[in-house]
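Colleague: With the hints as extra help, turn the sequences into a complete structure.
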Amino acid sequence: MGPVPAGVLQLLALVAALALAYVPAGTYMARVYSSKRHLRMERWIYRAIGADPDTEMTWTAYLRALLAFSVVGVLFLYLLMRLQGVLPGSLGFASVDPAQSFNTAVSFVTNTNWQSYYGEQTMGHVVQTAGLAVQNFLSAAVGMAVAVALVRGFACSRTGGLGNFWADLVRGTVRILVPAAAVAAVVLVACGVIQNFSGIHEVGQFTGGSQQWNGGAVASQEAIKELGTNGGGYFNANSAHPFENPGPFSNLFEIFLILVIPFSLTRTFGVLVGNVRQGHAILATMFTIWLGFVALMMWTEFAHHGPALEAAGGAMEGKEVRFGVGSSSIFAVSTTLTSTGAVDSFHSSFTGLGGGLTMLSMMLGEIAPGGTGSGLYGMLILAVIAVFVAGLMVGRTPEYLGKKIGTREMKLAACYILITPALVLVLTAASVALPTPPHSTLNPGANGFSEILYAFTSAANNNGSAFGGLNANTDWFNTTTALAMLLGRLLPMVFVLALAGSLAGQRPVPVTVGTLRTEKPLFTGLLVGAVLIITGLTYFPALALGPLAEGLAS
21 MGPVPAGVLQ LLALVAALAL AYVPAGTYMA RVYSSKRHLR MERWIYRAIG ADPDTEMTWT
81 AYLRALLAFS VVGVLFLYLL MRLQGVLPGS LGFASVDPAQ SFNTAVSFVT NTNWQSYYGE
141 QTMGHVVQTA GLAVQNFLSA AVGMAVAVAL VRGFACSRTG GLGNFWADLV RGTVRILVPA
201 AAVAAVVLVA CGVIQNFSGI HEVGQFTGGS QQWNGGAVAS QEAIKELGTN GGGYFNANSA
261 HPFENPGPFS NLFEIFLILV IPFSLTRTFG VLVGNVRQGH AILATMFTIW LGFVALMMWT
321 EFAHHGPALE AAGGAMEGKE VRFGVGSSSI FAVSTTLTST GAVDSFHSSF TGLGGGLTML
381 SMMLGEIAPG GTGSGLYGML ILAVIAVFVA GLMVGRTPEY LGKKIGTREM KLAACYILIT
441 PALVLVLTAA SVALPTPPHS TLNPGANGFS EILYAFTSAA NNNGSAFGGL NANTDWFNTT
501 TALAMLLGRL LPMVFVLALA GSLAGQRPVP VTVGTLRTEK PLFTGLLVGA VLIITGLTYF
561 PALALGPLAE GLAS
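Residue 21 is where the sequence shown starts when you use the numbering used here, and the numbers rise one by one after that.
Hints were generated in silico from the structure; no laboratory data involved. Idealized CB from N, CA, C, for every residue including glycine. Be aware that a few hints might be false.
Using C-beta positions, here's what the derived DEER-type ranges look like [what the hints assert, rightly or not]:
#1 Ala150 with Ala449: 37 to 45 Å
#2 Leu572 with Gly549: 54 to 62 Å
#3 Val529 with Pro262: 16 to 24 Å
#4 Ala39 with Thr499: 40 to 48 Å
Modeller: This is the structure in structure tokens:
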């Protein structure tokens, strides 16, 4: 079988698996977040942290709890890395320096998992398992909690309450992420992913000497890394490493883990608002964009010229022969259209237009289907904007799910969509204009600019993947990317929760013949157009200087 049919068959198998999981997973998550019952383990956790899970929180109280939890998480992880040298299970690694400790702590707490270090040469078992893996669960649960709070804003009537942050956080972790990750880890171990706490081993004898490898609880971290759309790898090669991703089946299974929760949350949304067709409309928007980007990526990477590429069956530079062009293309689009950032191939080695597609995927706001929770609330914000645009066209007060979209709601939505591009473009411009930061790039010209643009796009959108070639382990990039990650995660959440509080305080308006039917294909088309136009107008000049210039020159 040729590489193109093989890639298409893998895509069809993935879509079938996601379709089978959609209803049960989405319905189960809706039951989790609407349940009035607390499990015994959950009650123990509430008692330990001194939280009352039955207290209804306003959006400001919800936000305060979220910010306090995030600050504590950053401080704990920072101290753990600074003390690594004196902790057991450190594998002899020294404590991580302050700038890199701060960058990594912010990275994992914000669900970005940007790594400016070699994992197998920097972090011991304690930091990897008790620090980074724990934050993989918690940061994903925070994203889902914020998404559910926004959904409650649409579903509630004349109330200031959005639920309870601590209850949403604990339930998302205990009832969804932990059991799903445990099952996924068993599957990955069966595929050949390692799971141990062994030390450093010297492997083989080579011309230049021997090679050293260390083990680790890789399968369990790999499972939550993908399931929680985190992306931080145990090894520097990430999911291209055979210890993390041994073969074609494990690769396809990891893509499934990346996509299953974000896509299924649209079903959760539909169930919680009492209209599953609304969830189907959001799903259709996400799926249309995702499938379109996968098709474009496959076309750019299979459209080969010259005998070498024809013999290889596509642009194989930077790709694993275990996976090929088709599977690598699906993985690249899925990991950048979500907030995952894991890689099974190296995006800087893609064709110029292919690398540009990975960047554009993040620039959309990672909403198709996006991260665990962040994809849903990002798409709902854009749905609010699309409804507003439709209202302007027909001269009617815009409404979405029975809630009026007024001046306050539009200001909050506008702030949400502006904050990330501002961070990306300002920090990229500063890095290019200053004399020292450009020295961190490997390549000159358009590709070097793409390396910097990709880094800040990845950081501000909480993705975490990187264009190979950029030395990000400098004081400038450790500090600026940490700033982009922190502001790119928390400021949008401020606007989302403020919007949720504003919507929750409204009384639903009745449906009339003039109401825009937001569950129809027409609205799906409008929403897809709004997503692409907003992104295109914002980022096109920067893309023209980087990947587009490189692609047209090749």
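Colleague: Look at each hint and say if it fits the structure.
Modeller: Now the hints, each set against the structure:
1. Ala150 with Ala449: 37 to 45 Å: holds (39 Å)
2. Leu572 with Gly549: 54 to 62 Å: Given range 54 to 62 Å: violated, Cβ gap about 25 Å.
3. Val529 with Pro262: 16 to 24 Å: violated (57 Å)
4. Ala39 with Thr499: 40 to 48 Å: Because 44 Å falls inside the window, the suggested range holds.
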